[in-house]
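Visitor: Sequence:
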Amino acid sequence: MTVNPLDVPDVTEPYQPLPGRSRSTGFLTEPLRLGTSPSATVGPYLAIGLTWPDGTWAADEGVEGGIWIRGRIVDGADQPVPDAMVETWQADPDGGFPSPEDPRGASSYPGFRGFSRVATASPPGEFAVHTLKPGRVPDGEGGLQAPHIDVSIFARGLLDRVVTRIYFADEAEANAEDVVLRGLPEERRGTLLAERTDDGYRLDINLQGDRETVFFAV
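This note's numbering numbers the first residue of the sequence shown as 2 and each following residue consecutively.
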């Protein structure tokens with residue numbers, strides 16, 4: 002008997018096809034069952050292409066009315082989360098969406114795409130999105146929602162994304178009429194209100210803790 006010191010199969014033996022695979026073609030003859038990989042919202046399995054260089058620009062640089070939405074993602078210990086990914090989606094100032102599914106047609110704001118995807122890598126925990134302030138959209142009950150931006154956050158320790166909104170503190174009248182804000186305890190509404198800054202608005206998002214941001218089940 003010949004001993005293979007590397008425990009490598011003898012390549013001179015007749016080829017035996019894998020179970021469920023045809024000897025002649027190599028194609029599968031029955032369904033292939035794959036094991037389940039761990040849930041990972043921001044990698045390592047599908048990290049390539051998650052963010053892109055111009056992901057911060059929901060509205061092009063220099064577009065009229067452009068503002069910056071800035072903030073910080075923090076954990077339950079009030080520490081910045083340096084490797085989160087933030088997505089935003091919103092209407093344009095007229096309440097329209099840059100999507101073929103919007104029955105009102107294309108957005109009338111050149112350079113506005115309404116979507117961003119940014120990482121919180123530098124500075125740690127910080128994110129910034131250049132966009133236009135959104136208009137009001139129907140609430141499905143005959144009224145209008147207050148101007149807001151939809152936000153998804155992906156991060157280590159999260160088996161799935163968390164979803165929240167950014168409202169604007171200087172839209173008091175519209176906020177008072179918003180069906181979503183009205184459904185929240187008054188003391189919790191402030192976790193969704195961005196405050197005015199020199200070049201736009203700022204809202205820090207707390208994933209846990211006493212000041213945990215309101216998140217929505219979607």
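Think of the hints as simulated: they come from the structure by calculation, not from any bench.
Each residue gets a CB set at the ideal place from its N, CA and C atoms; glycine is no exception.
Hints may contain errors.
Derived DEER-like restraints, expressed as beta-carbon distance ranges [to be verified]:
1. Pro83 - Val219: 38 to 48 Å
2. Arg34 - Asp200: 48 to 58 Å
3. Val164 - Asp103: 32 to 42 Å
4. Ser100 - Gly36: 31 to 41 Å
5. Gly77 - Arg34: 51 to 61 Å
Visitor: 48 to 58 Å was suggested as the range; check whether the CB atoms of Arg34 and Asp200 agree with it.
Guide: With a Cβ separation near 53 Å, Arg34 and Asp200 satisfy 48 to 58 Å, so the hint holds.
Visitor: Holds or violated: 38 to 48 Å for the Cβ distance of Pro83 and Val219?
Guide: violated, 26 Å
Visitor: Given the range 32 to 42 Å, decide if the beta-carbon distance of Val164 to Asp103 lies inside it.
Guide: violated, 20 Å
Visitor: Evaluate the given range 51 to 61 Å for the C-beta pair formed by Gly77 and Arg34.
Guide: violated, 38 Å
Visitor: Does the Cβ pair Ser100, Gly36 satisfy 31 to 41 Å?
Guide: holds, 36 Å
In this structure, the earlier hints numbered 1, 3 and 5 are contradicted, and the remaining ones agree with it.
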